[in-house]
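Peer 1: The residues making up each chain are set out below.
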Amino acid sequence: LFEEVAPSLGAPTTELEAVDGKIQVKGNPAKSLTWKAACAKLGVKTISETGQNVPREAPKEGLNTGGVGGVQIADVSVDVETGIVKMNRLVAVQDCGTVINPKTAESQIYGACIMSICGALMEERVMDAVTGRMLNNEMEFYKLAGIKDIGEILVHLEIDETNDKRGVIGLGEPPVIGGIAAIANAVANAIGVRVPYVPMTPMNVLNALSGRMS
Amino acid sequence: MQPFEYASPKTLKEALALLGGNWSDAAVLAGGTDLISLMKEEVLSPRRVVNIKEIAELKGISKTAAGIRIGALATVDEVLSSPLVRASFPSLTEAARGVASMQIRNMGTFGGDLCQRPRCWYFRAGFGLIARHDGKDLVAEGDNRYHAIFGSGPARFVSASSFGPALVALGAKIRIASPSGTREVDAEKFFVSPASNDEREVDLKPNEILTEVIIPTSGAKNATYEVRQKDALDWPLATASVALMMKGSTVVSARIVLGHVAPTPWVSPEAARAVEGKVVTVETAEAAGKAAVAAARPLSMNAYKVQIAAAAVKRALMAAAGVKA
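Going down the list, the sequences are from chains A and B. Residue numbers for the first sequence follow our numbering, so the first one is 1 and each next one is one higher. Residue numbers for the second sequence follow our numbering, so the first one is 1001 and each next one is one higher.
Some clues are possibly wrong.
[Stated by the list, open to error] Some chain B residues flagged as far from chain A (calculated, every beta-carbon gap over 12 Å): (1) L1035; (2) V1049; (3) A1056; (4) E1078; (5) L1084; (6) S1101; (7) G1151; (8) S1152; (9) D1203; (10) N1302.
[Stated by the list, open to error] Here are the simulated distance ranges between beta carbons: (11) B:K1205 <-> A:K86: 43 to 49 Å; (12) B:S1249 <-> A:G132: 53 to 59 Å; (13) B:P1003 <-> A:D79: 45 to 51 Å; (14) A:N163 <-> B:I1036: 51 to 57 Å; (15) A:D79 <-> B:Y1006: 45 to 51 Å; (16) A:E3 <-> B:D1231: 33 to 39 Å; (17) A:E158 <-> B:S1249: 54 to 60 Å; (18) A:D79 <-> B:D1186: 31 to 37 Å; (19) B:A1232 <-> A:F2: 50 to 56 Å; (20) B:E1057 <-> A:G172: 56 to 62 Å; (21) B:A1140 <-> A:Y197: 21 to 27 Å; (22) B:D1231 <-> A:T34: 45 to 51 Å.
Don't read these hints as lab results, they were simulated from the structure. Don't be surprised by glycine CBs; every beta carbon is placed ideally from N, CA and C.
Make a model of the complete structure from these sequences and hints.
Peer 2: Have a look at this one:
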């Protein structure tokens, strides 16, 4: 990138630095291009680089793949006559250290929340004991939540210096995990009985309420 | 999918001449929302597919002297949007709303809904209506969570029809054409519980086409209630359709029909007796729900459906009578 912008700044690449969202001549913020303006110099070119981190040196480099954390809070309503669980609201606060792209990080968490709802309430492989076949090997009976089944989902990312300094922490699948447990806890709180299986389908909810083994 | 001949006749007479004496000869294609899936899974492999969508006389919804006529090719969406239907038969409008995807409502037809094959996953996997394998009764010994809680015959799948229970409650008549003429069947008699894999779930022969349904307007208060887990793209766990003849707020006579709990729409005289001569309240509706399921015989996994069926009856009665929870 320095090679692309050096001509506009009238300095050799060795005299450039990246500071505070700008590419500037070392020590001279007045002679600089914003990140956006610098990237615009690329035109249709792309810059692709690959890096690597050595796990035992991660604390020094500020990169790590551990220490994932998050909190999910679920608000549900349960129709105790039919066993149907309705999602009112799912709140997710995910700890992922340095956030590079808040929009896509949020989207990842929204998607994970939806999959939590599916995992908590709907998804399962139904295997037939006699023939060994998967009985619900299509979208008809392998149930996934639709747009009106997910309620309100609120995602919060805490973006500040403290979290930036914690380095890069994983965000892929982890946000799914807490949501399933939160929804299960919310159902138990709502009906006073623990549904000991996920998905908490009407069958499993009614069986738990009636003390019946499924 | 196996290769097939395709015909698209413009008249009913031509269409009937293209059907055969056996189910494997030809299949009728209306919206295709069920037939195409069955053919892709090779549960059905008709030698000829007869598209009936160009036959004008099978379309439309209209008022007649006898009541309302709904053509077999009226789409589910046309039924849903019809002010004629909503004015007299909100139970049918609600049943149409329960066909839970816009795409299916646009293509699927009224007649097709009545004739659709069961959703039973053993049937769809090719094991037949009375699903057996290696001498084992697959439904009884396997996963029967979505199967029947009523029925004395060997069939244990549930009727998938959305409109069936409401039509049975309303005393509708189903008209069927064959090369030799037309016949009319009470909706209640149209749905049958097959005793073997060679029979079907409806009173229809391979060379017949369901042409229209006549629903008599009787002034009955009617409603449908469906219990389903997902808002869309999901089948109900149980439904109930009711038609009540009222004198003031007292029920004079009731027809209460359960759906998705038996191989056919399931008429409940027990539930009817529980409300006849009474006012519909939360208590009487709940008692009717309990009466409807008193004789239920659940399988190993579907006892939960008994409670859901009772809830459907209770809520359908309350909806029909305008009683709030």
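Peer 1: Starting from the range 33 to 39 Å, see whether the pair E3 of chain A and D1231 of chain B falls in it by beta-carbon distance.
Peer 2: Given range 33 to 39 Å: violated, Cβ gap about 55 Å.
Peer 1: Quick one: are S1249 of chain B and G132 of chain A within 53 to 59 Å, going by C-beta?
Peer 2: holds (56 Å)
Peer 1: Is the distance from the Cβ of E1057 of chain B to the Cβ of G172 of chain A consistent with 56 to 62 Å?
Peer 2: For E1057 of chain B and G172 of chain A the Cβ distance comes to about 58 Å; the hint holds.
Peer 1: Could you tell me whether the CB distance from D79 of chain A to D1186 of chain B stays inside 31 to 37 Å?
Peer 2: Since the Cβ atoms of D79 of chain A and D1186 of chain B sit about 35 Å apart, the hinted range of 31 to 37 Å holds.
Peer 1: Mind checking the hinted window 45 to 51 Å against the Cβ distance between P1003 of chain B and D79 of chain A?
Peer 2: Since P1003 of chain B and D79 of chain A have Cβ atoms about 48 Å apart, the given range 45 to 51 Å holds.
Peer 1: Since L1084 of chain B was said not to touch the interface, does its Cβ keep a gap of more than 12 Å from each Cβ of chain A?
Peer 2: holds (28 Å)
Peer 1: Cβ-Cβ distance between N163 of chain A and I1036 of chain B: within 51 to 57 Å?
Peer 2: Cβ of N163 of chain A to Cβ of I1036 of chain B: about 52 Å, so the range 51 to 57 Å holds.
Peer 1: Mind checking the hinted window 45 to 51 Å against the Cβ distance between D79 of chain A and Y1006 of chain B?
Peer 2: holds (46 Å)
Peer 1: Closest CB-CB distance from L1035 of chain B to chain A, is it above 12 Å?
Peer 2: holds (15 Å)
Peer 1: Could one say that the CB atoms of A1232 of chain B and F2 of chain A fall in the range 50 to 56 Å?
Peer 2: Once the Cβ atoms are compared, 53 Å apart, the range 50 to 56 Å for F2 of chain A and A1232 of chain B holds.
Peer 1: Find the nearest Cβ of chain A to the Cβ of S1101 of chain B and say whether that gap is larger than 12 Å.
Peer 2: violated (9 Å)
Peer 1: Has the hinted range 45 to 51 Å been met by the Cβ atoms of D1231 of chain B and T34 of chain A?
Peer 2: holds (47 Å)
Hint check: violations occur at hints 6, 10 and 16; the rest are consistent with the structure.
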